[in-house]
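*Asks:* Full structure from sequences and hints, please.
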Amino acid sequence: MANRFSIKHQPGFTAIAATCFIVLYLPIVVLVIYAFNAATSTSEWGGFSLKWFQSAWQNTQVIDATLRSFQIGATAAVFSTIFATMAALATTRTASYPGLTFKYAAINQPLMVPEIVTGVALLIFFSRIKIFTGYSGLGYLIAAHTAFCIPFAYLPIRARLENMDLTLERAAADLYATPWRTFRRITLPLLWPGILAGLMLAFVISLDDVVITEFVKSGGQDTLPTYMLGQIRRGITPEINAISTVFLLLSVAIVTLFFFISRKHD
Amino acid sequence: MPDKPDRNAIEVVKVSKIFGSGEGQVAALDTVSVSIRENEFFTLLGPSGCGKTTLLRLIAGFDFPTAGEILLYGQDIAPLPPFKRPVNTVFQSYALFPHMTVAENIGFGLEMLGKPKAEIKARVDAMLKLVKMEALSARRTSQISGGQQQRVALARALAPQPKVLLLDEPLSALDYKLRKEMQIELKRLQHETGITFIFVTHDQEEALTMSDRIAVMSSGKILQVGSPRDIYDRPSERFVADFIGESNFLKAEVVGVSAGRATVKLSSGTEIPASLPEGLVPKGKVTIVVRPEHAQLSAASPSASLSGTVENIVYLGTDTHFHLRLADGEPFIVRRQNSRGTGDGIVQGGKVGIVIGGDAAQVLKD
Chain A
1 MANRFSIKHQ
11 PGFTAIAATC
21 FIVLYLPIVV
31 LVIYAFNAAT
41 STSEWGGFSL
51 KWFQSAWQNT
61 QVIDATLRSF
71 QIGATAAVFS
81 TIFATMAALA
91 TTRTASYPGL
101 TFKYAAINQP
111 LMVPEIVTGV
121 ALLIFFSRIK
131 IFTGYSGLGY
141 LIAAHTAFCI
151 PFAYLPIRAR
161 LENMDLTLER
171 AAADLYATPW
181 RTFRRITLPL
191 LWPGILAGLM
201 LAFVISLDDV
211 VITEFVKSGG
221 QDTLPTYMLG
231 QIRRGITPEI
241 NAISTVFLLL
251 SVAIVTLFFF
261 ISRKHD
Chain Y
1 MPDKPDRNAI
11 EVVKVSKIFG
21 SGEGQVAALD
31 TVSVSIRENE
41 FFTLLGPSGC
51 GKTTLLRLIA
61 GFDFPTAGEI
71 LLYGQDIAPL
81 PPFKRPVNTV
91 FQSYALFPHM
101 TVAENIGFGL
111 EMLGKPKAEI
121 KARVDAMLKL
131 VKMEALSARR
141 TSQISGGQQQ
151 RVALARALAP
161 QPKVLLLDEP
171 LSALDYKLRK
181 EMQIELKRLQ
191 HETGITFIFV
201 THDQEEALTM
211 SDRIAVMSSG
221 KILQVGSPRD
231 IYDRPSERFV
241 ADFIGESNFL
251 KAEVVGVSAG
261 RATVKLSSGT
271 EIPASLPEGL
281 VPKGKVTIVV
291 RPEHAQLSAA
301 SPSASLSGTV
311 ENIVYLGTDT
321 HFHLRLADGE
331 PFIVRRQNSR
341 GTGDGIVQGG
351 KVGIVIGGDA
361 AQVLKD
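Read top to bottom, the protein sequences are chains A and Y. For the first sequence, the working numbering assigns the number 266 to the last residue and increments by one with no breaks. For the second sequence, the working numbering assigns the number 366 to the last residue and increments by one with no breaks.
The set of hints was computed from the structure by calculation and includes no laboratory data. Do not take every clue at face value.
Claimed, not checked - Straight-line C-alpha distance at most 25 Å; calculated SDA-like pairs for lysine to any residue:
(1) 163(Y) with 103(A)
(2) 121(Y) with 189(A)
(3) 117(Y) with 136(Y)
(4) 84(Y) with 122(A)
(5) 177(Y) with 188(Y)
(6) 163(Y) with 167(A)
(7) 115(Y) with 187(A)
(8) 283(Y) with 253(Y)
(9) 103(A) with 22(A)
*Replies:* Quick look at the structure:
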């Protein structure tokens, strides 16, 4: 009888939950299964094979795009996390003042402005700079990724800072620690799980970006997602499924890694 | 009580602290001056919001005074940041560093002072011994109990041998029994280290049992400074008498003053002697205070100072409280210690006399 009013046992709950899971995961499961398809089609099963993984592995364009994605992702994640950490310190370590809300909004702007708008704006802006400086390297992509990764890195860091006891920093100052040493010995170690979370989140977000990258990239600067998009336009082979599967495993690995790191720190 | 040398460790000179500006301005401290002697256990006592914690924070350097000077052995430290003051704090929440061990916490101050490793180790060991925590030195601070955290916080603040130790209600988070233990422990530590302690509390009992001297604060001002006995027996203002212990307040009229004492006439017409607060020359109508245990009951007779009716008798084991109503309608409480076999015929509703002895009454400033 005790179960009668339990929220877990309401009629229809199981069905709704099951539907949600199926809708979410079935397409991904299908995609992963067809990565092992021996046939050239993504809809007809031609037996089990690893040939699409081999083909992707030998495709230099895929390797190039993957390495480029990692290079941009890692650099942008590091820069955006540094900026986000400074922003989080500046917005939580002061008394509330008029304009603070505006600053929050400014920091979180990439979450609110449609990506396509940012993409177009950056395209125009960077093309001017390109003409002016002649530079056309990866710097533009890194700068763009850094910018839109900042709010993602900022949120976990700020959450961590807001839960931190300010008295700890006061105690360090009381025990003769200069502001810099207080930061190094107290604030930073306690903030570390938040910074790691921000770093990983920023990396994953950068890895996944299509819209802004598509606008900002120059010729020969495909990242893995934009390369895949380009391939799909020409017709899909299970090679795309194979790349997606590896991509998926990679993302899951990063999230799992983060989970264990943050758990260890708490 | 050991002799206290008359050197001042801390002198607070006309310090004010104003928060906010314009209409919303609040004076947390209003031109406060007080001297704290070297090697004494000094307590700032008052209700929450009286400014005691603000004063402590100003001495620690977590905040800066709006006006006035704070001298540490004659040197003005008011403008210095906390890490440049040879003063350490025991925080109400202990504020132990959660990512460090007990030993690392205790050694932190010495490390920041740039002491050599061997010296830090020796000093940390000595501190662990002082607070009886040797066995737990390698533990994380989250793995020890509240009472143990308290000891670590004390050891951490004492380790750099500060000139003054500040304690911000450090016992308030402990349960009653542990609090009693720590009160004795704190007195012992103060005695053994010879460091000047400034202790902030709202608990009058804590203040009376531990302090060499107490400053009673209210609304950003220090009302009275004195030994626990001074404060209890000779409160200078109604607030002090009311905040510490129980009090009977009586209206009286001054009929004569000589050699620091007054003769006052009570509502019953009886004249009794009363002590005066320092520097007060009273005249006309005043309020006097009499502690419940400083008055005696007698049979209703003309020789009694006052007379009243017994409204209630409360037996408390060690003593008995007699709640009386005086002839002029004011309440009055007499406390009497119980001894075996005292049945003395005082009954509810009966008439009794109240004798206020030669040293029991004190004239208040307000």
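*Asks:* Decide, hint by hint, whether the structure agrees.
*Replies:* Hints and how they fare:
no. : hint               : verdict
1   : 163(Y) with 103(A) : violated, 43 Å
2   : 121(Y) with 189(A) : holds, 23 Å
3   : 117(Y) with 136(Y) : holds, 20 Å
4   : 84(Y) with 122(A)  : violated, 49 Å
5   : 177(Y) with 188(Y) : holds, 17 Å
6   : 163(Y) with 167(A) : holds, 22 Å
7   : 115(Y) with 187(A) : holds, 22 Å
8   : 283(Y) with 253(Y) : holds, 8 Å
9   : 103(A) with 22(A)  : violated, 41 Å
Violated hints, listed in ascending order, are 1, 4 and 9; each of the other numbered hints is respected by the structure.
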